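**Q** Sequence:
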Amino acid sequence: MYQVLAAHDLAARSDVALVRAARLAFDRKGHLTILHVVDSDLPAHVVDAQRMRTENDLEIGVRRWLGNDTPSYRIEIVSGDPAATIAAEADARAVDLVVTGRHRRRPVADLFVGTTVERLLRLPRRPILVVNNPNQSPYQSVLIPVDFSDASTAAIRFATTFLP
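In this text, residue positions in the sequence shown follow our numbering: the first is 4, and each later residue adds one.
What the hints contain is simulated information worked out from the structure, not anything from laboratory work. All figures in this text were calculated on a predicted structure; none of them were measured in a lab. The C-beta atom is built at its ideal place from N, Cα and C for all residues, glycine as well. Among the clues, some could well be false.
Said to hold, decoys possible - Each pair of labels, with its calculated beta carbon distance range:
hint, residue 1, residue 2, range
1, Met4, Trp68, 17 to 25 Å
2, Ser152, Ala97, 19 to 27 Å
3, Val50, Thr156, 39 to 47 Å
4, Asp42, Gly70, 29 to 37 Å
5, Phe165, Glu58, 35 to 43 Å
6, Leu45, Arg160, 38 to 46 Å
7, Ile147, Arg54, 36 to 44 Å
8, Phe165, Ala97, 27 to 35 Å
9, Ala52, Ile147, 39 to 47 Å
10, Arg128, Ser43, 19 to 27 Å
11, Ala154, Asp44, 30 to 38 Å
Said to hold, decoys possible - Mimicking SDA-like on lysine to any residue, the simulated pairs with C-alpha atoms at most 25 Å apart in a straight line are:
hint, residue 1, residue 2
12, Lys32, Gly83
13, Lys32, Pro137
14, Lys32, Asp153
Model the full structure from these sequences, guided by the hints.
**A** Here it is in structure tokens:
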């Protein structure tokens, strides 16, 4: 079964990615895991409270954004470093695709550690789709940067699965 993991940080940019991830899972009769990572540096009582609130918010978002075209899905709330945890969860679930929204710009912090998406992209374990465009129509074309490496060859093969 086709497995899609949608990383969601409760921002509007993640809603766009969630809708695209759900569509990809639904079209392929697959399963969607919606993952939210709570910062593990927070106090335990804050992590617990954030987990409960987040799960409720995501359930409401699934109903609002996906309506009746909902694939089978589950919501997972975990704690840790966002990029490393998303990569580890994707590996543990052997997902076919990780979908995330575009990153939020934090000029000073990004300069030193990079955004979560940038750090996630440096962990080449699973294919990652970064969704930036709110247009949810099916893909008509795919642009694939190529450097003639084995990774590029794998990216070309994977990207062709998105074409009609």
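**Q** Take the hints in turn and mark each one as holding or not.
**A** Hints, one by one, checked against the model:
no.	hint	in the structure
1	Met4 / Trp68: 17 to 25 Å	holds, 22 Å
2	Ser152 / Ala97: 19 to 27 Å	holds, 23 Å
3	Val50 / Thr156: 39 to 47 Å	holds, 41 Å
4	Asp42 / Gly70: 29 to 37 Å	holds, 31 Å
5	Phe165 / Glu58: 35 to 43 Å	violated, 30 Å
6	Leu45 / Arg160: 38 to 46 Å	holds, 40 Å
7	Ile147 / Arg54: 36 to 44 Å	holds, 38 Å
8	Phe165 / Ala97: 27 to 35 Å	violated, 20 Å
9	Ala52 / Ile147: 39 to 47 Å	holds, 43 Å
10	Arg128 / Ser43: 19 to 27 Å	holds, 20 Å
11	Ala154 / Asp44: 30 to 38 Å	holds, 32 Å
12	Lys32 / Gly83	violated, 30 Å
13	Lys32 / Pro137	holds, 22 Å
14	Lys32 / Asp153	violated, 29 Å
Comparing the model with each numbered hint stated earlier shows that hints 5, 8, 12, 14 do not hold.
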